[in-house]
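S.K.: Next come the chains, spelled out residue by residue.
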Amino acid sequence: MKGIKQLVGTAHTQTVPVVLPPNSQKLKDALLKEIRRSAYVYRVDCGGCNACEIEIFAATTPIFDTERFGIKIVASPRHADILLYTGSVTRAMRAPALRAYEAAPDPKIVISYGACGCDGGIFHDLYCVWGGTDKIVPVDVYIPGCPPTPAATIYGFAVALGLLDQKLKSKQHQPEAQKAQLKHTNIPLDIKV
Amino acid sequence: MFKLIKTVFNTGSVTTKYPFAPMSVSEDFRGKPELDAAQCLSCGACTRACPANALIMETDEKAGTRRWELSTARCIFCGRCEEVCPTHAIKLTQNFELAVTNKADLYEHAVFSLADCSQCQRPFVAQKLLEYVLDTLAQSGVPAAQLSERRKQLQTCPACRRANNMLDSDNISHLRFIKEQQ
Amino acid sequence: MTNNTSEQFHSQPQAGRIGKNYVDGVNHFFPSAIIDEEWQTENQVTITVKMTSLVEVMKWLYYDQGGWLTVSFGNDERSLNGHFAVYHVLSMEGEVKSFVTVKILVDAQSQEFISITPTIPAAVWGEREVRDMYGLRPVGLPDERRLVLPDDWPEDLHPLRKDAMDYRQRPQPTTETETYQFDNQLGNDSNRIVPVGPLHITSDEPGHFRLFVDGEDIVDADYRMFYVHRGMEKLAETRMGYHEVAQLTDRVCGICGFTHSVGYSNTIENALSVDVPFRAKMIRTVLLEVERLHSHLLNIGLSSHFVGFDTGFMQFFRVREKTMELAELLTGARKTYGMNLIGGVRRDFLKEQRVKGIAMVREVRQKFSELVEVLLATPNINSRTQGIGILSKQVARDYSPVGPLIRASGFKRDVRIVHGQSLEAYGSVPIELQSMEDGDVYSRVMVRVREVFESLNVIEYGLDHLPAGAILTESFDYKPNKFALGFTEAPRGENIHWSMTGDNQKLFRWRCRAATYANWPTLRYMLRGNTVADAPLIIGSLDPCYSCTDRVTIVDTKKQRSKTVPYKAIEQYSIDRKHSPFKL
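Chains as they are written, first to last, in the numbering used here: chain A, 2 to 194; chain B, 20 to 201; chain C, 823 to 1406.
Chain A on its own, in the form it takes in the complex (with noise of 0.2 Å):
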């Protein structure tokens, strides 16, 4: 079956994810060149439970107002640029996804929404879950949270448009530098414990 891989014969599968063309990345910049000032976005809900859609909502309203960016959101896939999906990948929603993606006309940029966008957030495992937006289309943009506040979601399409760079880094922390402190060594250890 196209787009699943058998991990243990039909009893356990998983996805498989679209793979890019090799020039894609050239055309993406390219992309993001035009629509710097004007991108229209179209909402694809995997099966979230919509928390994240009240906020991508919410961001569009007065006080956080996407549309001063030229942000639209579309109501269909094959006007998009910006593809935004939210939700975890449940297993009704994985065709519909894919169909979604394939409608909407390349070069595109793919933003995984929230925590169960990104990783599958706290449904990560479960049977009728896929595991998150880069389970199914490659993505190009993350934006962690659960859900991401309309700030946060404002930030996030800033660095998908490439209008600010991303803070944030990876870290590889040395635990072993210092010895821990000890905390509350004024209270006797049998009432602490």
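Watch out, some of these pointers could steer you wrong.
Rough simulated footprint, nothing fancy, chain C against chain B, three-plus residues with beta-carbon under 8 Å [claimed, not checked]:
| no. | segment |
| --- | --- |
| 1 | 43–50 |
| 2 | 98–109 |
| 3 | 152–159 |
Simulated from the structure, these hints should not be mistaken for laboratory data.
Note that the Cβ used here is the ideal one computed from N, Cα and C, for glycine as well.
Once you've looked at the hints, dock chains B and C against the given chain A.
M.R.: The following block gives chains B and C in isolation, referenced to the frame of chain A:
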């Protein structure tokens, strides 16, 4: 109709200046968790409490190390890790600007070297955790001689301890009770 | 004692046993039906009855004694007593207010049980779900379609059975296409439906509707939900401990998550008779009302949008942002408050938060009143919402819907008032039940408007009169196989949870029924006889989870043609009343 126009007019512009000006959030806002590596003992309390498995610990017995990992991608920002940490090593900050283009930037690691069991020589607990427990006992007044006994006792893996208890006929509790009765 | 089955049954009251009269009544009219009687709290009882007496006992309790079917679910109790079990929970709202759960044991070999749906239509979804999840066959159930599991799920794999599968197992999809059968109850045999399925170019939101139309009038409607089924009930039995499930329940629904969290915590606290501190109860009550604020403002804004009053929509959302700020001030997050633990709450309200909170409440009240005045003065509202989408009293009585939907049809159902004494601190705050008689969209909007004012009062009262004391108690023990109900009034209606503790620091079973689950079955009756342009408005007045209703297929029964139309187009038609998308 006029009431509406008046309301709209009086309200004026309410749009926030973010991202052109910093966004203020509540004092208790639950943003990204940050680790104070010096305070972390690899005890695993946060890993057990995390509802989303965003915190993971993996042991590599051959290399004798234990790796702690935080995934900001999967984190649900609930704050349970902060609540259960015994040494206040992990805390939630106000940082909400977490979007990235490279998924690897959402992960953080810390690696602990493990101490070997004094009996079977297999690595089982972080050296740092062992030292912390001994420091706590020392600070609570346990004398030095006892401390070295406790060190030997603490540096025994659970499997060896179980075996010791079952074979140690002098110290098995029910026998001790019978002896006292006599 | 009386021999008239439809009169309220009275018997000798017993202290600490509210609802004993119903059990005595069952014993009086149906002797030897009850096999076992077990009390969980002072107003919750579970009676195990013989399967042969099930239908008549349920009918008596439901129609004759003022009961409403809250939830029906199954449980795999083979490791406890060798049987499966099916539970039907009734909220008794006659003279004596209590919860009566009727349980039947299902033989593990035959795996069949008697369906009560022919008598009580409200049970239809519960029984279909038992069939999906446990493989038990409801004998006599008229609708045998799959409900919850997706079309590509293998036939004989029933997830909630204890021995069926690991919670992480993901079987190979059995089909690439959707195979759900839609039914047209009022159409006639000469009509043929062209199955332009939910398999369309795109499905933005989970949920598919089919309207069977005759020109512009809706003849019938059917729909497919459960695209969002993730498998949480199995997760709660496996990977998670009790406190982690409290975090999980926050994410059952992104709009009423905190109510689920409170409902779940209450099940364990009721089952183990935990004495939750009063301060924690008041904190929970305040936050439940804060959640109601944001949800009702969302719905009122959407209703304005559907009648074409877009300015109102933006204005209501502007005011709504203040309620989200209030939530962030009190809990640390705008949504997914994550405040509950078993035995209380995690965070306190400090003086600064209380003072700021009260100021915000007053600001919201003033701004909201202004907007409501503007809204009611808008001509669109009356003409577009009065007399539309009526929920008749008979349909309401048969299907047990909840929330503003049923309160707008004249029934006084609100868990905060009816069962308020056993729900957090609702017994001690000033609150009144809001209801109206007409049952149309206008009534539902007005009920919600009034409830916003009630919520603002409760929040202000709670923040002002927060009782002193602890916020969490840990002095209780977990005992295995104890069960109880937990109920809350979400913005959409009554949420009910039921859980049974396990013997391994985890739950044995958790059942969560959100409010909209009980309301969906009534939708087709509300749509019948209305025009297609009003469909979004009627669906919106049900207040489904925001994005549940995107795809609509229009089937013209006279012309025998169908066309799939994007929801946005219908919405646009609802607002502009021009350029009908239904030129088939």
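S.K.: State for each hint whether it applies.
M.R.: Against the structure, the hints come out as follows:
Here's how the segment 43–50 of chain B fares: 5 of its residues keep a CB closer than 8 Å to some CB of chain C, so the rule of at least three is met and the hint holds. With 3 residues having a beta carbon nearer than 8 Å to a beta carbon of chain C, the segment 98–109 of chain B meets the requirement of three or more and the stated coverage holds. Here the segment 152–159 of chain B counts 0 residues with a CB under 8 Å from a CB of chain C, which misses the bar of 3, and the coverage is violated.
Going down the numbered hints, you'll see the structure goes against just number 3.
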